[in-house]
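Number of protein chains: 2
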Amino acid sequence: MPSDPTARLARQVGFILEVDRLKEIFRQTLVTQSRRQENDAEHSWHLCLMVLVLAEHANAPDLDVLRVLKMLLIHDLVEIDAGDTFAYDETGRADQREREVRAAERLFGLLPADQGAEFRALWEEFEARATAEARFAAAMDRFHPMLLNCATEGAAWRKHGVTHDRVVARNRHIAEGAEAVWTYAAGMLREAVARGHLPA
Amino acid sequence: MPSDPTARLARQVGFILEVDRLKEIFRQTLVTQSRRQENDAEHSWHLCLMVLVLAEHANAPDLDVLRVLKMLLIHDLVEIDAGDTFAYDETGRADQREREVRAAERLFGLLPADQGAEFRALWEEFEARATAEARFAAAMDRFHPMLLNCATEGAAWRKHGVTHDRVVARNRHIAEGAEAVWTYAAGMLREAVARGHLPA
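Just so you know, the protein sequences line up as chains A and B, in that order.
Here the first sequence stands for residues 1 to 200, numbered as in this note's numbering.
Here the second sequence stands for residues 1 to 200, numbered as in this note's numbering.
Hints should not be assumed to be uniformly reliable.
Stretches of chain B that chain A covers, calculated by requiring three or more beta carbons in the stretch to come under 8 Å of a beta carbon on chain A [claimed, not checked]:
(1) 18-28
(2) 93-103
(3) 159-171
Incomplete in silico selection of chain B near chain A, CB under 8 Å [to be verified]:
(4) Pro-5
(5) Gln-12
(6) Val-13
(7) Phe-15
(8) Ser-34
(9) Ile-80
(10) Tyr-88
(11) Leu-110
(12) Ala-113
(13) Gln-115
(14) Ala-180
(15) Val-193
(16) His-197
Derived from the structure by calculation, the hints contain no laboratory data.
Beta carbons are placed, not taken as given, at the ideal position from N, Cα and C, and that holds for glycine.
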């Protein structure tokens, strides 16, 4: 900690206020009640709650749940500058990494240096999907929009003409974090096709 | 775990979908950008992120951060049924506990029994403010709307005619969880008065 704890706290508060912008970054997924688009802040909360409920289904027997939550609380912050890239937008995904790295540098740079470095490392860990915690976090991040899409008659899929095979290809890595959740999700997708909510 | 893991997972997913409703429970506080009312899901995410940033300022030297996050992720779920009670609404606060207990019974009752009991216990721990973790969680829950109010020219305070002495009386327990945060907050309130954003 630097010599002036008040200055440190003021800097931390500045970061907290800046990331309030996450509440205005809208996703393609709809919320189940009013059917408006979900924002990244709500999405992040819902993911973290899912972790508490579903952690027992993780492939890793000794999952560090706190680490998973830390990653998910910050995983979308880069979208404040880089915007949300729809999972099935191949053009947007081409320069996504570059845009998001710039955003990470600016945003985590608002924090005291030690904390900025910690947050940046958590974000990189999430992106790399090389640890059990990152794989489970990524599984939740992919399962969540599928679940909301199924609960809203496939609204986002149908709007963008996304087909069953693309949803499977993009999301099957859920199994790397939680086999049981992927088995459940695959069944949910078959049901969505049967109901006409997801083109075959 | 019960004998049928698929049935357990289906029940957990049912709970996750039900609590999507938290995204439609609106608070008096405004978000800083578009100045619309904040909802409980966004608020919960923002609180959890604040915990990651500010945990070092907790009075308790060995705070269990995971426990704090668990409490904050679920602390407002009861408002899905009971609605949001404005911090300065004395009438609404009279039967708040009764309404919220009924909500806790219904919502946590959607989960498998062992998990429902765990979540209920976390909610009661948060409400009772008797542990270091609950006191820090409560400190974040009180500091957050103050911060957003200060960043939106005191919109919610001015709308409801809330005065500086009432804000101090309602929020000074922040010091029980984090002295340094309360010192900072008290300064922020004095500044809000000086700027005419909070009636003296």
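Cross-check of the supplied hints:
With 6 residues carrying a beta carbon less than 8 Å from a beta carbon of chain A, the stretch 18-28 of chain B meets the three-residue requirement, and the given coverage holds. Counting residues of the stretch 93-103 of chain B whose beta carbon lies closer than 8 Å to any beta carbon of chain A gives 0, which falls short of the minimum of three for the stated coverage. Counting residues of the stretch 159-171 of chain B whose C-beta lies closer than 8 Å to any C-beta of chain A gives 0; at least three are required, and the coverage claim is violated. Using the Cβ-Cβ criterion of 8 Å, the hint placing Pro-5/B at the interface with chain A is satisfied: the shortest such distance is roughly 7 Å.
This hint holds: Gln-12/B has a C-beta 5 Å from the nearest C-beta of chain A, less than the 8 Å allowed. Satisfaction of the interface hint for Val-13/B is found here, the shortest Cβ-Cβ separation to chain A being roughly 7 Å, below the 8 Å cut-off. Checking Phe-15/B against chain A by beta carbon gives a least distance of about 6 Å; that is within 8 Å, so the hint holds. The interface hint given for Ser-34/B holds, since its Cβ lies 6 Å from the closest Cβ of chain A, which is under the 8 Å cut-off.
Look at Ile-80/B: its Cβ only gets to about 10 Å from chain A, farther than 8 Å, so that hint breaks. Interface hint at Tyr-88/B: violated, since its Cβ lies 22 Å from the closest Cβ of chain A, which is beyond the 8 Å cut-off. Among the interface hints, the one on Leu-110/B is violated; its C-beta lies about 10 Å from the nearest C-beta in chain A, farther than the 8 Å criterion. Contact between Ala-113/B and chain A, as hinted, is not supported at the beta carbon level, the nearest pair being about 14 Å apart and thus beyond 8 Å.
Evaluation of the Gln-115/B hint against chain A yields a held restraint, the C-beta minimum of about 7 Å falling below 8 Å. Interface restraint check for Ala-180/B: the shortest CB-CB distance to chain A comes to about 6 Å, inside 8 Å, so the restraint holds. Because the closest C-beta pair between Val-193/B and chain A is about 18 Å apart, greater than 8 Å, the hint is violated. Against a cut-off of 8 Å between C-beta atoms, the interface hint on His-197/B is violated, since the closest Cβ of chain A lies about 15 Å away.
Checked against the numbered hints above, the structure violates hints 2, 3, 9, 10, 11, 12, 15 and 16; every other hint is satisfied.
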